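Number of protein chains: 2
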Amino acid sequence: MKQGLLTGRQREVLRYRKQGLTQQQIADIIHTSKANVCTIEKAAYDNIEKAKETLEFLYTLDATHLCTIKIGTDLFDAVGEIYGEAEKLRIKVRYDSINLINRLKEANPGKFKGRFVREDVEVYINEDGELCFG
Amino acid sequence: MKQGLLTGRQREVLRYRKQGLTQQQIADIIHTSKANVCTIEKAAYDNIEKAKETLEFLYTLDATHLCTIKIGTDLFDAVGEIYGEAEKLRIKVRYDSINLINRLKEANPGKFKGRFVREDVEVYINEDGELCFG
DNA sequence: AGGCGGTTAACGAAAACTGTTTAAGTTATT
DNA sequence: AATAACTTAAACAGTTTTCGTTAACCGCCT
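Protein chains in written order, with this note's numbering: chain A, 1 to 134; chain B, 1 to 134.
Simulated from the structure, these hints should not be mistaken for laboratory data. Predicted model, so just to flag it, every value in this text is computed and none were measured. Don't take every hint at face value.
Since copy identity is lost for identical chains, a pair holds within one copy or between any two.
Said to hold, decoys possible - Result set (DSSO-like, lysine-lysine): computed pairs, CA atoms no more than 27 Å apart in a straight line: (1) LYS52 to LYS18; (2) LYS18 to LYS70; (3) LYS2 to LYS113; (4) LYS2 to LYS111.
All chains should be modelled from the sequences, with the hints used to inform the complete structure.
Given below as structure tokens:
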């Protein structure tokens, strides 16, 4: 039923969508509700997103540990720490402060509350200055 | 904890492995057994494989439905059917009989028993003669 | 033979995922 | 304004993953 991340249902829906069918038309064909088709389609795109992120991680696996942002840290201090540590390694970070904060928040939304870090965040950097968080 | 397909544990193990540590060394660091490190690493590679397959599917999403191999069909008849239908569409299949059978079996091992099909198999083809099965 | 690196199988518990339905909400088109 | 297309959220039951343990197994090396 499953190849890769996508269930049989999800592949089915994506194919019909590629053919230009509406969610209602697909629902009729596969004998379910249009709401369900919507859910399945959404789940499919979530899975595709996950697949991309996974391979993305592989490409940044050559990164080395830069520092740990401790719980309770202010985001602006975290940025300073990251720049400081990167400088020690003589690596130029690929992001300015603003983008760095955005990347931090996007990487793990649950770990941040306003300006503060709610859980330790590991920071990794590769020789190109690309960052990733774990 | 999860980004993409990989759990935090899995990313952790992959990073340490990239640094050249043995499973036993990693087990000591993360306080578990080497058997567990092995399992986690294997699961990580399974997930990476899944991610690749998922994106692979996306690239073949432009395929159109070619035919349905009905349950109980002999594999060799299935091959004939696929060639026949492809010819109707004036598309040259990218595989000879042998490779076609291999691709069929690999695509969904559970659906085949010896020379026979145990479950309906949908066959799709794109304009390059590339096949995929659902 | 014994140590080391790696793998596998079996099993339990907790967590996450899947397909559905129902119901309420957009947005776009006519 | 009305309809169609689409989105979202909550809740459910069933299934699958994940992490961990224990114990056994293989190949290689000195």
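*asked:* Treating 27 Å as the Cα threshold, decide for LYS2 and LYS111: within, between, both or neither.
replied: Between. Shortest inter-copy distance 12 Å satisfies the 27 Å Cα cut-off; intra-copy 32 Å does not.
_Homo-oligomer pair classification [LYS70, LYS18; C-alpha up to 27 Å]_ = Cα proximity of LYS18 and LYS70: across copies only (24 Å, versus 46 Å in one copy).
*How would you label the pair LYS52, LYS18 (within, between, both, or neither) given a Cα cut-off of 27 Å?*
both (20 Å within a copy, 20 Å between copies)
*asked:* For LYS2 and LYS113, with the copy left unspecified, which applies at a CA distance of at most 27 Å: within, between, both, or neither?
replied: between (37 Å within a copy, 18 Å between copies)
When held up to the earlier numbered hints, the structure conflicts with none and fits them all.
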